[in-house]
Amino acid sequence: MEQRGWRLSAEDVRTWVDRLIAEGREVIAPVEGRGPRVFRPLGCAAEACLDPGKTRWSPKEFLFPRTETLYHYRLRADGPELHDPPLAERERVLFGVRPCDAAGLVRLDEVFLDGPVQDPLYARRRELTTVVALACQEAGPECFCTAVGGSPMGTEGVDVLVLPFGADWLVRAVTDKGRALAAESWTRAHAGQWSLAADQVRRVEQRIARAPVAGDVAAVLERRFEDPVWQETARRCVSCSICAYVCPSCSCFDVHHEGDAWGGREIRCWDACTFPLFTRHASGHNPRGGSAARYRQRALHKFAYLLPDAERTTRCVGCGRCIALCPAGIDIHDTVTRTAAGAEGEGADA
Amino acid sequence: MPEVGPLRNPYRPGLLRIETLRDETPDVRTLGLCFVDEQEGRRLGGWEPGQFGEYTVFGAGECVFAIANAAPDDDGGEPPRVECTFRAVGKVTTALRGLGAGSVIGFRGPYGNAFPLAEWRGHDLAFLGGGIGMAALRAALCAVLRHRSDYGEVLVLNGARSVADLVYQEEMPAWAGLDGVRVVRAVDPGGETADWDGEVGLIPEVFERLGLAPDGRIVVACGPPVMLHFLFEALGKLGYSPGQVITTLENKMKCGFGQCGRCNVGSFYVCRDGPVVSWERMQALPADF
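Chains as they are written, first to last, in this note's numbering: chain A, 54 to 403; chain B, 935 to 1223.
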């Protein structure tokens, strides 16, 4: 990792972003328009919003689009003719991503790149994408990255890390890919400046008040598969699935066919385990027919199932969007830590 | 992040032409399918009994069924012929049923694990199929019958709700004619016709009546969840151990290779870690199916 890094003024940052755009890259950053703050491709640096707070949606849609074509087909007299969709060609910078969202991209990599089948559309986009993360200037009441091993200045999935430093910014390349975005002319930062900036972020970190999720949570939750907590929590769930849509690490999708008499396409679009139709068989049988079974699947897929290695204790990155946006006030951190704590109590009783 | 070279589009199907159609029951049909491009067929190579494919009806969507026949033992240069047996239930299977001979559909696969045929050598085998569940067993049965001498006695118990719902009626006499193969046909009480000469009863009770000792016998069962539930109960009573009972799990699937996220039972992806599973392994899975 580049230790010293650089110190950039707000003007330097704008020049940097404008240069990245001028060099032909698509720069995607938080933008505040009439609606909520969201990631959008920038026309120029002035459009970016680097204020405290997070976007409504994570930037995952720029690697894993809400809907995309898997192949096109045309129906000809002698049978269908198939065409692959074009692969992405333009280099991309995800700029101003919060560390929790950057960590979410690593969870997507595990699904789309690390298994026996690599997804070519995702792989190409990932290859062309550089992540510039912005350490958090404040913590929301929903934030709990520190409870799941993250940090407001975490570097998982990050190529360039930016820390606020008064009215200026400190910038450090975490990977070679990130270093390629830096300019020769930038002013070097001092170690003392980094430690001051890091202290500032640590104060933000201390304001994250949520209890850590225990390292053995996976085993505990699997043991408590039949716990009444799933029924109690899901009683409020309206199966709207906003939790999955705003989640930086949710990667489940549906595959559909759209066509007419001449041709059509096979598409992939976001889907969610909290929808009743997600698992319903054509026969009508549904292995997760009730909202309790579905909510349990969501919680266990985040905290128990299919974790890539022993180091990784959760798929959840603690952004808290699912908590902030749930219309029924369901809080996955609270459910999971309470269930795990209940298990300790159970041991003491026995 | 791994280095990314040129990757094949895993969703793009190969094209198969419907060569033969056979109606098994009023709503179950078996298709014989040949590759439109023989090269593509040769590239597919083969598959193992128990694996499944994703079949595309262009304009309607994809559906998932077991590959119902065994791949040729040696490729001999011939592109393989794929067979599938399906019931018209939903939108895609209804559209598939609407296609005639000569129509072109898509196929991708094979996906999933396979029946452990090598482990079955020298053992007596019992194939228990309920309704269209028999389709998932047929490839394994075909492979076993092709190498008849490698295995002990073979029982085929083919059950259905009614006589009209029995699949593979045309093939059963040929299976029964082989040395050491016994075919038992059974229908649910009330499903028999006046001239029915098979068994009447649910598969678990018919199997119990046959009184086959568990010694070394492998039971391979496929059918609706309710049949498996009572079958496992009956097998337990008869002294069968969970390790000698094999079944297949079915769940709604989309991608076929562990990415779309819907077919899991705990950390077990039916598409990738299944569909073939022993009763023993099933007992270790969360009760989520």
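Hints were generated in silico from the structure; no laboratory data involved.
Predicted model, so just to flag it, every value in this text is computed and none were measured.
All residues carry an ideal CB built from backbone N, CA and C; glycine is no exception.
Any given hint could turn out to be false.
What the hints assert, rightly or not - Footprint (simulated), chain B over chain A, 3 or more residues, beta carbon under 8 Å:
#	stretch
1	91-101
2	124-130
3	309-319
Stated by the list, open to error - Here are the in silico distance ranges between beta carbons for each label pair:
#	chain 1	residue 1	chain 2	residue 2	range
4	A	Glu142	B	Pro944	17 to 25 Å
5	B	Lys1025	A	Glu85	17 to 25 Å
6	B	Asp961	A	Trp315	38 to 46 Å
7	A	Glu134	B	Arg1116	23 to 31 Å
8	B	Gln1217	A	Arg57	40 to 48 Å
**Prompt:** For the pair Glu134 of chain A and Arg1116 of chain B, does the Cβ-Cβ distance stay inside 23 to 31 Å?
**Reply:** violated, 49 Å
**Request:** Just tell me: holds or violated, for the beta carbon distance of Asp961 of chain B and Trp315 of chain A against 38 to 46 Å?
**Result:** violated, 30 Å
**Coverage claim, chain B over the stretch 91-101 of chain A, checked by counting residues with Cβ within 8 Å (three needed)** = With 0 residues closer than 8 Å to chain B, the stretch 91-101 of chain A misses the three-residue bar; violated.
**Item:** 8 Å C-beta criterion, at least three residues: is the stretch 124-130 of chain A covered by chain B
**Value:** holds (count 3)
**Request:** For the range 17 to 25 Å, tell me whether the beta carbons of Lys1025 of chain B and Glu85 of chain A fit it or not.
**Result:** Since the Cβ atoms of Lys1025 of chain B and Glu85 of chain A sit about 43 Å apart, the hinted range of 17 to 25 Å is violated.
**Item:** Proximity test - 8 Å, beta-carbon atoms, the stretch 309-319 of chain A to chain B, at least three hits
**Value:** As far as the stretch 309-319 of chain A goes, the hint holds, because 7 residues have Cβ atoms under 8 Å from chain B.
**Message:** For the hint 17 to 25 Å, verify it against the beta carbon of Glu142 of chain A and that of Pro944 of chain B.
**Reply:** holds, 21 Å
**Asked** Taking the beta carbons of Gln1217 of chain B and Arg57 of chain A, is their distance inside 40 to 48 Å?
**Response** Violated - the Cβ-Cβ distance for Gln1217 of chain B and Arg57 of chain A, about 58 Å, lies outside 40 to 48 Å.
Consistency note: the structure conflicts with the earlier hints numbered 1, 5, 6, 7 and 8.
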